[in-house]
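Undergrad: Sequence:
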Amino acid sequence: MELNLRPKEECMFDEVSLGEIMLRLDPGEGRIKTARSFRAWEGGGEYNVARGLRRCFGMKTSVITAFAENEIGYLMEDLILQGGVDTSLIKWVPYDGIGRTVRNGINFTERGFGIRGAVGASDRGNTAASQLKPEDIDWDYIFGTLGVRWLHTGGIYAALSETAAQTVITAVKKAKEYGTIVSYDLNYRPSLWKGIGGQAKAQEVNKEIAKYVDVMIGNEEDFTASLGFEVEGNDADLKELNMDGYYKMIETVTKAYPNFKVIATTLRTVKTATVNDWKAICWADGKIYNSLEYPGLEILDRVGGGDSFASGLIYGLMTYEDAQKAVNYGVVHGALAMTTPGDTSMASLKEVEAKVNGAGARVQR
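In my numbering, the protein residues as written are -18 to 346.
By construction, these hints were calculated from the structure, which means they are not laboratory data. Every value quoted in this text rests on a predicted model; they were computed, and no experiment measured them. We treat Cβ as the ideally placed atom computed from N, Cα and C, and that holds for glycine. Take the hints with a grain of salt, since some may be wrong.
The list that follows gives simulated cross-link-like pairs (lysine to aspartate or glutamate, EDC-like), each with its CA atoms no further than 16 Å apart [what the hints assert, rightly or not]:
1) K229 with E211
2) K72 with D119
3) K182 with E143
4) K192 with E158
5) K154 with E189
6) K306 with E334
Pair ranges (Cβ atoms, derived) [claimed, not checked]:
7) R170 with K252: 20 to 26 Å
8) L62 with L127: 15 to 21 Å
9) T233 with L(-16): 18 to 24 Å
10) G106 with L56: 17 to 23 Å
11) M327 with K236: 39 to 45 Å
12) E302 with R17: 47 to 53 Å
Hey, can you work out the whole structure from these sequences and the hints?
TA: Take a look at the structure:
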(Lines of atoms letter the chains of each structure in order from A and count residues from 1; the text may use other names and numbers.)
(Lines give C-alpha, C1' and ligand atoms only; values in the text may rest on other atoms or scores of the structure.)
Protein backbone atom coordinates (compact mmCIF):
# COMPACT_ATOMS: atom_id res chain seq x y z
CA MET A 1 0.00 0.00 0.00
CA GLU A 2 1.42 3.36 -1.08
CA LEU A 3 0.05 6.45 0.65
CA ASN A 4 2.72 8.87 -0.66
CA LEU A 5 3.04 10.72 2.63
CA ARG A 6 4.84 14.04 2.60
CA PRO A 7 8.37 13.78 4.06
CA LYS A 8 8.48 14.42 7.78
CA GLU A 9 11.34 16.89 7.50
CA GLU A 10 9.31 19.30 5.32
CA CYS A 11 6.27 19.43 7.62
CA MET A 12 5.80 21.08 10.99
CA PHE A 13 2.90 18.78 11.87
CA ASP A 14 2.42 15.05 11.43
CA GLU A 15 -1.33 15.49 11.76
CA VAL A 16 -3.87 18.30 12.08
CA SER A 17 -7.54 17.84 13.01
CA LEU A 18 -10.36 20.16 11.96
CA GLY A 19 -13.39 20.13 14.26
CA GLU A 20 -15.17 21.42 17.34
CA ILE A 21 -13.85 20.80 20.84
CA MET A 22 -16.36 20.91 23.69
CA LEU A 23 -16.08 20.97 27.46
CA ARG A 24 -17.28 17.56 28.65
CA LEU A 25 -18.93 17.54 32.06
CA ASP A 26 -18.96 14.01 33.49
CA PRO A 27 -21.00 13.00 36.58
CA GLY A 28 -18.74 9.97 37.11
CA GLU A 29 -20.72 6.98 38.36
CA GLY A 30 -23.88 9.09 38.74
CA ARG A 31 -26.38 10.56 36.33
CA ILE A 32 -26.61 13.95 34.68
CA LYS A 33 -30.09 14.69 35.98
CA THR A 34 -29.20 14.06 39.63
CA ALA A 35 -25.54 15.16 39.73
CA ARG A 36 -24.22 17.74 42.20
CA SER A 37 -20.68 17.71 40.86
CA PHE A 38 -19.04 17.07 37.50
CA ARG A 39 -15.52 16.31 36.33
CA ALA A 40 -14.31 18.43 33.41
CA TRP A 41 -12.67 17.01 30.30
CA GLU A 42 -12.14 18.24 26.78
CA GLY A 43 -13.45 16.24 23.85
CA GLY A 44 -14.56 16.25 20.25
CA GLY A 45 -14.58 13.57 17.56
CA GLU A 46 -11.86 15.11 15.43
CA TYR A 47 -9.78 16.52 18.29
CA ASN A 48 -9.71 13.16 20.10
CA VAL A 49 -7.77 11.75 17.14
CA ALA A 50 -5.13 14.52 17.31
CA ARG A 51 -4.76 14.05 21.06
CA GLY A 52 -4.41 10.27 20.77
CA LEU A 53 -1.75 10.63 18.09
CA ARG A 54 0.16 13.08 20.28
CA ARG A 55 -0.26 11.60 23.73
CA CYS A 56 -0.12 7.88 22.97
CA PHE A 57 1.82 7.72 19.71
CA GLY A 58 4.22 10.66 20.11
CA MET A 59 3.35 12.49 16.92
CA LYS A 60 3.31 16.27 16.56
CA THR A 61 -0.30 17.37 16.12
CA SER A 62 -2.44 20.50 16.07
CA VAL A 63 -6.11 21.39 15.82
CA ILE A 64 -8.02 23.88 13.68
CA THR A 65 -10.99 25.13 15.69
CA ALA A 66 -12.42 28.29 17.26
CA PHE A 67 -13.25 29.40 20.80
CA ALA A 68 -15.08 32.35 22.26
CA GLU A 69 -12.46 34.27 24.20
CA ASN A 70 -13.62 33.87 27.79
CA GLU A 71 -12.73 31.81 30.85
CA ILE A 72 -14.31 28.65 29.41
CA GLY A 73 -12.27 29.07 26.24
CA TYR A 74 -9.10 29.50 28.30
CA LEU A 75 -9.97 26.34 30.27
CA MET A 76 -10.36 24.44 26.98
CA GLU A 77 -7.00 25.75 25.80
CA ASP A 78 -5.36 24.62 29.03
CA LEU A 79 -6.86 21.13 28.76
CA ILE A 80 -5.64 20.86 25.16
CA LEU A 81 -2.15 21.96 26.18
CA GLN A 82 -2.13 19.27 28.90
CA GLY A 83 -2.73 16.77 26.10
CA GLY A 84 0.30 18.08 24.21
CA VAL A 85 -1.64 19.24 21.16
CA ASP A 86 -0.47 22.49 19.55
CA THR A 87 -2.93 25.39 19.99
CA SER A 88 -1.43 27.94 17.58
CA LEU A 89 -4.09 27.36 14.89
CA ILE A 90 -7.06 28.10 17.18
CA LYS A 91 -9.13 31.13 16.12
CA TRP A 92 -10.19 33.28 19.09
CA VAL A 93 -13.50 35.12 18.71
CA PRO A 94 -14.43 38.15 20.88
CA TYR A 95 -17.03 37.24 23.52
CA ASP A 96 -20.09 39.46 23.94
CA GLY A 97 -20.46 38.74 27.66
CA ILE A 98 -23.64 36.65 27.39
CA GLY A 99 -23.33 34.32 24.41
CA ARG A 100 -25.86 35.98 22.12
CA THR A 101 -23.55 35.86 19.14
CA VAL A 102 -20.88 33.33 20.09
CA ARG A 103 -20.14 30.83 22.83
CA ASN A 104 -18.25 27.61 23.65
CA GLY A 105 -19.84 24.19 23.45
CA ILE A 106 -20.61 22.00 26.47
CA ASN A 107 -21.29 18.27 26.39
CA PHE A 108 -22.80 16.50 29.41
CA THR A 109 -22.05 12.77 29.20
CA GLU A 110 -22.84 9.94 31.59
CA ARG A 111 -21.15 6.60 31.08
CA GLY A 112 -23.93 4.06 31.51
CA PHE A 113 -23.64 0.74 33.29
CA GLY A 114 -25.09 -2.71 32.64
CA ILE A 115 -28.59 -2.38 31.20
CA ARG A 116 -28.44 1.44 31.44
CA GLY A 117 -26.88 2.88 28.30
CA ALA A 118 -24.60 5.90 28.13
CA VAL A 119 -26.38 9.25 27.75
CA GLY A 120 -25.19 12.47 26.16
CA ALA A 121 -26.78 15.93 26.26
CA SER A 122 -24.84 18.52 24.29
CA ASP A 123 -25.32 22.30 24.44
CA ARG A 124 -23.47 23.52 21.38
CA GLY A 125 -25.69 25.94 19.49
CA ASN A 126 -24.12 29.16 18.18
CA THR A 127 -20.59 28.06 19.06
CA ALA A 128 -17.46 29.69 17.73
CA ALA A 129 -16.36 26.53 15.91
CA SER A 130 -19.73 26.06 14.22
CA GLN A 131 -19.48 29.61 12.85
CA LEU A 132 -16.05 29.16 11.28
CA LYS A 133 -16.05 30.14 7.62
CA PRO A 134 -13.51 29.00 5.00
CA GLU A 135 -12.03 32.49 4.73
CA ASP A 136 -11.34 32.60 8.49
CA ILE A 137 -8.41 30.21 8.08
CA ASP A 138 -5.18 30.73 6.11
CA TRP A 139 -5.08 27.31 4.47
CA ASP A 140 -2.04 28.08 2.31
CA TYR A 141 -0.08 29.02 5.43
CA ILE A 142 -1.08 25.80 7.24
CA PHE A 143 -0.61 23.29 4.41
CA GLY A 144 2.04 25.19 2.45
CA THR A 145 4.23 27.31 4.72
CA LEU A 146 3.99 25.10 7.84
CA GLY A 147 3.38 21.75 6.17
CA VAL A 148 1.01 19.00 7.29
CA ARG A 149 1.43 15.30 6.54
CA TRP A 150 -2.12 14.23 7.46
CA LEU A 151 -5.47 16.04 7.88
CA HIS A 152 -8.30 14.42 9.83
CA THR A 153 -11.86 15.72 10.00
CA GLY A 154 -15.35 14.27 10.06
CA GLY A 155 -19.07 14.28 9.56
CA ILE A 156 -19.89 15.58 13.03
CA TYR A 157 -18.15 18.88 12.38
CA ALA A 158 -19.46 19.09 8.81
CA ALA A 159 -23.03 18.82 10.17
CA LEU A 160 -22.82 21.72 12.62
CA SER A 161 -23.74 24.44 10.13
CA GLU A 162 -23.70 25.47 6.48
CA THR A 163 -20.41 27.31 7.05
CA ALA A 164 -18.84 24.36 8.88
CA ALA A 165 -19.65 22.12 5.90
CA GLN A 166 -18.06 24.63 3.52
CA THR A 167 -15.03 24.91 5.80
CA VAL A 168 -14.50 21.14 5.66
CA ILE A 169 -14.84 21.11 1.87
CA THR A 170 -12.30 23.93 1.54
CA ALA A 171 -9.91 22.22 3.97
CA VAL A 172 -9.87 18.87 2.17
CA LYS A 173 -9.42 20.54 -1.22
CA LYS A 174 -6.50 22.63 0.03
CA ALA A 175 -4.95 19.61 1.75
CA LYS A 176 -4.93 17.70 -1.53
CA GLU A 177 -3.36 20.66 -3.35
CA TYR A 178 -0.36 20.37 -1.04
CA GLY A 179 -0.12 16.56 -1.05
CA THR A 180 -1.52 16.07 2.48
CA ILE A 181 -3.25 12.75 3.16
CA VAL A 182 -6.90 13.20 4.19
CA SER A 183 -8.89 10.94 6.51
CA TYR A 184 -12.58 11.43 7.22
CA ASP A 185 -14.89 9.81 9.76
CA LEU A 186 -18.42 9.83 8.33
CA ASN A 187 -19.94 9.59 11.85
CA TYR A 188 -23.54 10.14 10.68
CA ARG A 189 -25.76 11.71 13.36
CA PRO A 190 -29.35 12.36 12.18
CA SER A 191 -29.96 14.89 14.98
CA LEU A 192 -27.12 17.13 13.76
CA TRP A 193 -28.31 17.25 10.14
CA LYS A 194 -31.99 17.66 11.01
CA GLY A 195 -32.01 21.46 11.13
CA ILE A 196 -29.95 22.06 7.98
CA GLY A 197 -31.60 19.81 5.41
CA GLY A 198 -31.57 16.31 6.89
CA GLN A 199 -30.21 13.25 5.13
CA ALA A 200 -30.44 14.84 1.68
CA LYS A 201 -28.11 17.63 2.81
CA ALA A 202 -25.81 15.13 4.52
CA GLN A 203 -25.42 13.25 1.26
CA GLU A 204 -24.87 16.42 -0.76
CA VAL A 205 -22.08 17.56 1.56
CA ASN A 206 -20.45 14.18 2.15
CA LYS A 207 -20.45 13.21 -1.51
CA GLU A 208 -18.46 16.36 -2.26
CA ILE A 209 -16.03 15.79 0.62
CA ALA A 210 -15.55 12.12 -0.32
CA LYS A 211 -13.90 13.11 -3.62
CA TYR A 212 -10.84 14.29 -1.68
CA VAL A 213 -10.56 11.56 0.96
CA ASP A 214 -7.77 8.97 1.05
CA VAL A 215 -8.80 7.09 4.22
CA MET A 216 -12.54 6.79 4.84
CA ILE A 217 -13.82 5.60 8.21
CA GLY A 218 -17.43 4.49 8.55
CA ASN A 219 -19.78 1.58 9.14
CA GLU A 220 -22.60 0.42 6.91
CA GLU A 221 -25.09 2.92 8.37
CA ASP A 222 -22.66 5.76 7.67
CA PHE A 223 -22.16 4.73 4.04
CA THR A 224 -25.90 4.31 3.51
CA ALA A 225 -27.02 7.54 5.18
CA SER A 226 -24.10 9.79 4.21
CA LEU A 227 -23.19 8.54 0.74
CA GLY A 228 -26.33 6.71 -0.41
CA PHE A 229 -24.89 3.17 -0.68
CA GLU A 230 -26.97 0.18 0.39
CA VAL A 231 -25.88 -3.05 2.11
CA GLU A 232 -27.61 -6.18 0.87
CA GLY A 233 -29.34 -8.27 3.53
CA ASN A 234 -28.64 -5.90 6.42
CA ASP A 235 -31.24 -5.26 9.12
CA ALA A 236 -29.51 -2.03 10.27
CA ASP A 237 -27.96 -3.68 13.31
CA LEU A 238 -24.21 -4.35 13.33
CA LYS A 239 -24.86 -7.53 15.29
CA GLU A 240 -26.83 -8.91 12.36
CA LEU A 241 -24.69 -7.31 9.64
CA ASN A 242 -24.43 -9.41 6.52
CA MET A 243 -20.68 -9.12 6.01
CA ASP A 244 -20.84 -10.44 2.46
CA GLY A 245 -23.24 -7.59 1.69
CA TYR A 246 -20.90 -5.13 3.38
CA TYR A 247 -17.93 -6.35 1.33
CA LYS A 248 -19.98 -5.97 -1.85
CA MET A 249 -20.86 -2.45 -0.78
CA ILE A 250 -17.14 -1.66 -0.36
CA GLU A 251 -16.58 -2.83 -3.94
CA THR A 252 -19.30 -0.43 -5.10
CA VAL A 253 -17.97 2.42 -2.95
CA THR A 254 -14.41 2.09 -4.24
CA LYS A 255 -15.61 2.08 -7.84
CA ALA A 256 -17.49 5.31 -7.18
CA TYR A 257 -14.54 6.80 -5.27
CA PRO A 258 -11.31 5.35 -6.67
CA ASN A 259 -9.42 7.91 -4.56
CA PHE A 260 -10.16 5.86 -1.42
CA LYS A 261 -6.96 4.04 -0.52
CA VAL A 262 -8.26 2.66 2.78
CA ILE A 263 -11.73 2.05 4.23
CA ALA A 264 -12.06 1.03 7.88
CA THR A 265 -14.72 0.57 10.51
CA THR A 266 -15.16 -0.77 14.01
CA LEU A 267 -17.68 -3.56 14.57
CA ARG A 268 -19.33 -3.39 17.96
CA THR A 269 -21.99 -5.70 19.37
CA VAL A 270 -23.54 -4.11 22.44
CA LYS A 271 -24.44 -6.77 24.99
CA THR A 272 -24.70 -4.28 27.84
CA ALA A 273 -23.34 -0.78 28.35
CA THR A 274 -20.33 -2.34 30.04
CA VAL A 275 -19.83 -5.48 27.91
CA ASN A 276 -19.35 -5.23 24.14
CA ASP A 277 -17.87 -7.48 21.51
CA TRP A 278 -15.26 -5.30 19.78
CA LYS A 279 -13.31 -5.72 16.56
CA ALA A 280 -12.62 -3.87 13.31
CA ILE A 281 -12.02 -4.39 9.61
CA CYS A 282 -9.92 -2.50 7.10
CA TRP A 283 -10.01 -2.56 3.29
CA ALA A 284 -6.85 -1.74 1.35
CA ASP A 285 -5.33 -2.88 -1.95
CA GLY A 286 -8.53 -4.77 -2.78
CA LYS A 287 -8.29 -6.93 0.36
CA ILE A 288 -10.14 -7.08 3.68
CA TYR A 289 -8.02 -7.18 6.83
CA ASN A 290 -9.64 -8.34 10.08
CA SER A 291 -8.36 -7.00 13.39
CA LEU A 292 -7.70 -8.75 16.65
CA GLU A 293 -11.02 -9.52 18.36
CA TYR A 294 -12.17 -8.69 21.88
CA PRO A 295 -15.35 -10.65 22.64
CA GLY A 296 -16.92 -9.61 25.92
CA LEU A 297 -14.75 -6.48 26.26
CA GLU A 298 -15.42 -4.81 29.61
CA ILE A 299 -15.94 -1.08 29.22
CA LEU A 300 -15.68 1.77 31.70
CA ASP A 301 -16.48 4.64 29.30
CA ARG A 302 -17.26 3.93 25.66
CA VAL A 303 -17.26 7.55 24.45
CA GLY A 304 -14.23 8.18 22.26
CA GLY A 305 -13.51 4.52 21.56
CA GLY A 306 -14.07 5.01 17.84
CA ASP A 307 -11.88 8.10 17.78
CA SER A 308 -9.08 6.18 19.50
CA PHE A 309 -9.50 3.43 16.89
CA ALA A 310 -9.03 6.12 14.23
CA SER A 311 -5.85 7.50 15.81
CA GLY A 312 -4.35 4.01 16.17
CA LEU A 313 -5.27 3.22 12.56
CA ILE A 314 -3.68 6.48 11.36
CA TYR A 315 -0.53 5.83 13.37
CA GLY A 316 -0.22 2.35 11.87
CA LEU A 317 -0.75 3.62 8.34
CA MET A 318 1.69 6.52 8.75
CA THR A 319 4.39 4.48 10.45
CA TYR A 320 4.19 1.14 8.62
CA GLU A 321 1.88 1.65 5.60
CA ASP A 322 0.61 -1.81 6.54
CA ALA A 323 -3.17 -2.27 6.71
CA GLN A 324 -3.02 -5.33 8.98
CA LYS A 325 -0.82 -3.60 11.53
CA ALA A 326 -2.88 -0.43 11.27
CA VAL A 327 -6.22 -2.09 12.00
CA ASN A 328 -4.68 -3.93 14.96
CA TYR A 329 -3.16 -0.75 16.41
CA GLY A 330 -6.54 0.89 15.96
CA VAL A 331 -8.67 -1.77 17.61
CA VAL A 332 -6.26 -2.16 20.55
CA HIS A 333 -6.01 1.59 21.14
CA GLY A 334 -9.80 1.90 21.00
CA ALA A 335 -10.22 -0.96 23.47
CA LEU A 336 -7.72 0.53 25.90
CA ALA A 337 -9.32 3.98 25.65
CA MET A 338 -12.65 2.53 26.76
CA THR A 339 -11.11 1.23 29.99
CA THR A 340 -10.56 4.79 31.30
CA PRO A 341 -12.91 7.77 31.82
CA GLY A 342 -13.20 10.71 29.44
CA ASP A 343 -13.29 11.02 25.66
CA THR A 344 -9.55 10.77 25.20
CA SER A 345 -7.00 7.99 25.52
CA MET A 346 -4.80 7.43 28.57
CA ALA A 347 -2.95 4.54 26.90
CA SER A 348 0.76 4.49 26.07
CA LEU A 349 2.44 3.22 22.91
CA LYS A 350 4.14 0.56 25.03
CA GLU A 351 0.74 -0.71 26.23
CA VAL A 352 -0.72 -0.70 22.73
CA GLU A 353 2.22 -2.58 21.24
CA ALA A 354 2.14 -5.13 24.05
CA LYS A 355 -1.54 -5.88 23.34
CA VAL A 356 -0.95 -5.96 19.58
CA ASN A 357 1.69 -8.60 20.27
CA GLY A 358 -0.58 -10.69 22.50
CA ALA A 359 0.09 -9.48 26.07
CA GLY A 360 -2.54 -10.29 28.66
CA ALA A 361 -3.97 -8.31 31.59
CA ARG A 362 -1.77 -9.62 34.40
CA VAL A 363 -0.59 -7.20 37.06
CA GLN A 364 2.57 -5.33 36.01
CA ARG A 365 5.05 -4.85 38.88
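Undergrad: Report the numbers of all earlier hints that the structure fails to satisfy, in ascending order.
TA: As far as the earlier hints go, not one is violated by this structure.
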